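Visitor: My request is simple: use the sequences and hints to build the entire structure.
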Amino acid sequence: MTSLPRRNGILLHPTSLPGAHGCGDLGPAAYHFVDWLRTAGQALWQVLPLGSVGPGNSPYISPSAFAGNELLIDLGQLRDLGWLSQEDLRPLPAFPAERVDYDASRRYRLPRLRQAAKNFHERRDTAQDKAFARFCSAADPWLDDYALFMALDRAHGGDGRMWQDWPAPLAARQPAALRAARVEHAAEISFWKFCQWRFAEQWAAVKRYANSHQIEIVGDLPIFVAAHSADVWANPGLFDLDLQGRPRAVAGVPPDYFSATGQRWGNPLYRWPAHAAEGYRWWVSRMRQTMSLCDIVRIDHFRGFESFWEIPAAAETAIDGQWRPGPGEAVFAAMRRELADSRGRLPIIAEDLGIITPQVNALRQAIGLPGMRILQFAFDGDPRNPYLPHNYEADTVVYTGTHDNDTTRGWWESLGHPEQAYVRAYLGVEEDADSEMHWQMIRLACASVATLCVIPMQDVLGLDSSHRMNEPSQSEGSWEWRFSWQQVADGHARRLAELARLYGRSQG
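Residue numbers (this note's numbering): 81 to 588.
I should point out that these hints are in silico values taken from the structure, not numbers from a laboratory. If you're wondering where the values come from, they're calculated on a predicted model, not measured in any experiment.
Distance ranges between label pairs, derived from CB positions:
id, residue 1, residue 2, range
1, Ser546, Asn291, 33 to 39 Å
2, Leu84, Pro108, 29 to 35 Å
3, Trp403, His112, 42 to 48 Å
4, Glu264, Ala569, 53 to 59 Å
Positions of the beta carbon are idealized from the N, C-alpha and C atoms, including for glycine.
Guide: Shown next, in the form of structure tokens:
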């Protein structure tokens, strides 16, 4: 990363974009945002995982590690292709403008996606039929299992039932039961394949547009997958499950900055020896798919590759866990053999936050990945704090905060007077700068030696705690934030562009 030019970017998940259909999507607002990034002198658009969301609406808990989020499909483009009419898009509910109502968005979008899929299959457009067939063939390693999983979940799931609760022959993937299910649910399977095709086409178009405007996409790959997912159902031998297919232990982190009882994520843990035995093929395929969607990949919870927190499945919190060894460098060596560029590099950012030991740092350095630094973690009064900019290395990505942090304004307002005084002293400003502390922190990040600098959109807009994206210690109310263009003034882009120019992060 140190050989790359210094660049700035904005963190904004597509669901947070403005739009008429309940949540942000890949329609005109996505292209408008790219244009705005270019005007603002930015070179990166960082997003959260692009997969479909499950209970709780977290993009980090998806029914597939490979599939895209069908809620991001722009219905207007389906209308333009002739698969929906303008009348099909009516009536339009009164969706909230400042947050995503996922349930309402699903109720609106899914029937219209089904109508579009039906019209596509009935109209038999040869060119489109061939394009659909090519997509299904290319995605075959994961698409068949995913589409069947979604069809079976609709038939046998709901009300908290997981795939382990399906009829035993289907849960156990008995070949005869799967053959019968593919016949019985053929239309539903085809629908989910159609959704993935349209997501892939629309996202590829957005990415091409961004790249043509010198904007690169920074994606996100969660280390763990959901227990109720096509990945675990189709590959049970790769996960630490009991005889009924349920996790014997689950993932999380011990007590930390975000929670006094730790975080119990509930994901199944990997059987790393099984992954090693197959040459980490599943991981290579997963990274290849993610790299096809973005230019740079942020791996969430990188420290889990060195060692991970194992929590008994029956435990209600993460307190009673223990550290277990991860696969170390081997999984990245497998990725490098198949996915590295001509210089042997992988376009990966290691999310190395939380409890980071010398062993975790050594692993990251051995692989050659840049780490992350968060300004909100910097001001504990210790001048050796690694999150203070004067302690950075160039091979670093700096953020004012991430999706898990409070907004910078909310963080500032939560500090006591001594902490605020320390921040002012470090910045060299007086109390009259308090009203624009978010811009002071943005400037500090831009001025740092870190090669890449990424700012959450909420911080650009100076929004308070009610606009944060995620509260890790809470199970409801997260992932819903949206902005509107009415909040964005011309001065926002001008100030960002000036900071990029001033600190050598300009696109040129």
